[in-house]
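Undergrad: Using the hints provided, position chain B relative to the given structure of chain A.
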Amino acid sequence: MGDFMIKRVTKAILTGAAIATALGGVAAPAYAQRDPAYAAARAAGEVGEKMDGYLGIVVAETPELRRIVNDINIKRRAVYSEKAQESNATLEEYALTAGCIAIAKTVPGEKYQAPDGSWQTRTDAAPMRDSRCP
Amino acid sequence: MTSDELTDRGGLATTGIMQGKQGMRGMKKVAVAALASLTLTGCITVEAPDKPIVIELNVNIRQEVIYRLAEDAGNTIEENADIF
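Here the protein sequences come in this chain order: A and B.
When we follow my numbering, the leftmost residue of the first sequence carries the number 1, and every step to the right adds one.
When we follow my numbering, the leftmost residue of the second sequence carries the number 1, and every step to the right adds one.
By construction, these hints were calculated from the structure, which means they are not laboratory data.
Check each hint, because a few of them may be wrong.
What the hints assert, rightly or not - Okay, derived cross-link-like pairs now, SDA-like style, lysine to any residue, Cα gap no bigger than 20 Å in a straight line:
id: 1; chain 1: A; residue 1: LYS75; chain 2: B; residue 2: GLU79
id: 2; chain 1: A; residue 1: LYS75; chain 2: B; residue 2: ASN75
id: 3; chain 1: A; residue 1: LYS75; chain 2: B; residue 2: TYR67
id: 4; chain 1: A; residue 1: LYS75; chain 2: B; residue 2: ARG68
id: 5; chain 1: A; residue 1: LYS105; chain 2: B; residue 2: GLU78
id: 6; chain 1: A; residue 1: LYS75; chain 2: B; residue 2: ASP82
id: 7; chain 1: A; residue 1: LYS105; chain 2: A; residue 2: ASN73
id: 8; chain 1: A; residue 1: LYS75; chain 2: B; residue 2: ARG62
id: 9; chain 1: A; residue 1: LYS75; chain 2: B; residue 2: GLN63
id: 10; chain 1: A; residue 1: LYS105; chain 2: B; residue 2: ASP82
id: 11; chain 1: A; residue 1: LYS75; chain 2: B; residue 2: GLU64
id: 12; chain 1: A; residue 1: LYS105; chain 2: A; residue 2: GLY45
id: 13; chain 1: A; residue 1: LYS75; chain 2: B; residue 2: ILE83
What the hints assert, rightly or not - Which stretches of chain A does chain B cover? Using the computed rule of at least three CB atoms under 8 Å from a CB of chain B, they are:
id: 14; region: 32 to 42
id: 15; region: 65 to 77
id: 16; region: 89 to 101
To be verified - If you anchor each label on the Cβ, the simulated ranges turn out as follows:
id: 17; chain 1: B; residue 1: GLU71; chain 2: A; residue 2: ARG67; range: 30 to 36 Å
id: 18; chain 1: B; residue 1: GLU64; chain 2: A; residue 2: PRO108; range: 28 to 34 Å
id: 19; chain 1: A; residue 1: SER131; chain 2: B; residue 2: GLU78; range: 33 to 39 Å
id: 20; chain 1: B; residue 1: GLN63; chain 2: A; residue 2: ALA126; range: 17 to 23 Å
id: 21; chain 1: A; residue 1: PRO63; chain 2: B; residue 2: GLU71; range: 33 to 39 Å
id: 22; chain 1: B; residue 1: ARG62; chain 2: A; residue 2: ALA32; range: 30 to 36 Å
As the structure is a computational prediction, the values presented were derived from the model and not from experiment.
Every residue gets a Cβ at the ideal spot worked out from N, C-alpha and C, and that includes glycine.
Isolated chain B (complex conformation):
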């Protein structure tokens, strides 16, 4: 009696769980595929504005340098008034 009950329950439970897992795996595969395709299209969009960003950085660096040199350059002009 006891062994029969255990076997039955075990069998039923296993089948139920297996079916459920298989269903979930199928869903996950679809989700991963969808995400992967989304990620791929996303990558291509990101690459496009790469160049303008680099140019802007260059401008900022140059302006920073000019501001740093301004005082020194002003003194240089005053010290060499004959050639300015």
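Chain A extracted, bound-state conformation:
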């Protein structure tokens, strides 16, 4: 009887631990940080936020920058595609909306694309955005 009880208690503890791990695993991506190479390129103004919701290369293109930008944009496209479907919108509509917000969220020193297509450095002032942006 004693042995059986211990087994049951052990099993309960292990199940609890498994649930905690699973929950931690689900919550973790919400707090995920930018890849250090991407963060550095962004801070240096080598890459910037485009109006269409994707990342663009601001300076002369290098294979390393192309790799970073492509990697981010493929992931963004997958997220936009899924969310657009959930919201009954097109991929372009959702991406453009995200672009509006991503540009608004840039911090001073970072690059963004103005409605005329030119690259701008974000200052303390509000960024120049598409007239349709909320």
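TA: For chain B alone, coordinates are given in the frame of chain A:
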């Protein structure tokens, strides 16, 4: 006597009315023709601003969509902070 009077009156009245009606019909024909030509030129003027109106509607619809998606897109960016 009675029949004579009736015939005379009838004849006079009919002629008078017929003349008047004919005159009115002529006037109506001219008026209809004038209206028709006015309506035709009006149609051509209306067709010209058709395109700009369509483009404006498109812009309005897109902006409406962007406003509807804004909150959801904002949440998406926060949930995927590693790629934004």
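Undergrad: Broken hints, numbered, in rising order?
TA: Of the numbered hints, 3, 4, 8, 9, 11 and 19 do not hold.
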